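Asks: Residue numbers (numbering that gives the first Met the number 0), protein chains in the order written: chain A, 0 to 246; chain B, 0 to 278.
Hints in this document: simulated from the structure, not taken from any laboratory. Treat each hint with caution, since some may be false.
Said to hold, decoys possible - Partial list, derived from the structure: chain A residues whose beta carbon lies under 10 angstroms from chain B:
1. Glu-26
2. Leu-149
3. Asp-151
4. Met-231
Values in this document were obtained by computation on a predicted structure and should not be read as measured data. The beta-carbon is built from N, C-alpha and C at its ideal position, and this holds for glycine as well.
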Amino acid sequence: MGSVGAKEVPVLLSPEGLRIDGRHLEELRSIRIVAGALHGADGSAFVEWGANKVMAAVYGPREVHPRHLQQNNKAIVQCRYNMAAFSVDERKRPGLDRRSQEISKVISEAFESVIFAEEFPRTSIDIYIEVLQANAGTRCAGVVAASVALADAGIPMVDLLPAVAVGKVGGAIALDLKKEEDNYGEADLPMALVPQSGRLVLLQMEGHMTREELAKALDLGVTGCRAIYEKMKQALRDRYASGGGAA
Amino acid sequence: MAHGNRPGRPSGGRGGSPSHSARERILVLPGEELPTHGLRPGTGTYRTSGKVYASVLGFVQERPPFVQVTPLSGRYIPKPDDTIIGYVADVQGTFWLLDIGAPRWAPLHMTGTPWKIEIGETDRYLRIGDAVVVRVENLDPTGRIGVTMVGEGLGRLEGGTIVTVSPAKIPRVIGRKGSMIESITQITGARVAVGQNGRIWIDGTPEAIVQVRKALEMIEGTGHRSGLTERVQELLRSSPRAAPTEKVRLPPNPSRPSLDRADPVPGDPEETEPPADEH
């Protein structure tokens, strides 16, 4: 470390145990979820999570293009995660890069494991996640938004899919990292949970943790996911509870 | 798994025992456990380790011997004998592919039309983007949706405009025994054809079309509140053009059968049988 030109590492954890934005170690950033935020899509959602802003749209089940991707016993689940050029401080080169391809793939696979795809053979369920503003944890925000959008689109699935990242900052395990913590922290562990079964269907890690820290981080992440789960359900209830589900 | 059968067709069970579903409308989300009261998992549900969960967002309905979830959103799921409005999405040598708002396109074979067509001449009759009224004839297990254009009130749509509402709202657009659609057409003087897939064709004076659109917006937005028919009638009567416009008479067109199904035609089963449970 201490490379030439590296910026000063900010103090991520105060002596009182508070984080850079004043949160406790086990505290989430504020989350706002709006179900059905778009008109053209079959289902959609908008998520504001800390300084993240993420839009998700779901189309389908619909005809598969190109045809050869179609599977004759089930629907395919295709996800595209994309960051807007203006989503970060320094303009991001638009379009697919290796990072967004990887994230698209892991999110597709996470949703494939909860969607009852056999109900719609030879079709495609397309999920588009657009990150409008990024501040660490965008893949989790994307999973949350996409999951609410899938429910809004009436796609049958095992459960909603809450997601959160846990990390290690200043030597301590902390829930829901923000940008500085992600950049200068020691580890980042995003995960997505199926609350109904307790299974994790997305789990990645960057950085280093001991086994004990990993176990603690997983527990903390599952707790965080369950809190987010409630907010996701509330967002859908707000839209549909009146029995209307207006357009 | 319980997912094999689709919602809406509990074999012969339409309208059976509405007492269960009538008042208690419990909204459930995917993954929420359902109280089964000894019933078996039906559509919109799944079972693991002895418990039954919802798989879609919707209202719980007990319809013995099943407990099921009636979805509030989602694409149109075709049922045999539904009359629907489709757009031509692709033209092939002997058939067209129709976008009917369902998960898959529906092939309309040239033998399913009132026309005598030579192979390869399909595009002289219907082109991409044309709108047609067709009926769902058969559904095979692979998900293929067979439609026909031969029959009363079926054919190509000319003129008018098409608006889309959620397929789940169609029973309210039609109303009990067609009462809603009847009052809309009578007050506005517009000609209206309602597709079970949520597409509604409106033709008439521009004012009449605007009025029907407004009525549909009201139905889609506040259709769950009581006194809907009265509120729609009031909306239509109170709008600037209070007097009913004279009925639009389009020149007779042999290629297009009459679509005036909004007129109470005796023996027309189409709109007189809204799914009984939705009321």
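Asks: If a hint holds in the structure, say so; if it doesn't, say that too.
Replies: For each hint, the structure was consulted:
1. Taken as an interface hint, Glu-26(A) does not check out: its beta carbon lies about 25 angstroms from the nearest beta carbon of chain B, beyond 10 angstroms.
2. Of the supplied interface hints, the one on Leu-149(A) holds, with its beta-carbon coming within about 8 angstroms of a beta-carbon of chain B, less than 10 angstroms.
3. The beta carbon of Asp-151(A) comes within 6 angstroms of a beta carbon in chain B, closer than 10 angstroms, and the hint placing it at the interface holds.
4. The beta carbon of Met-231(A) is positioned within 10 angstroms of a beta carbon in chain B (closest approach about 8 angstroms), and the interface hint is therefore held.
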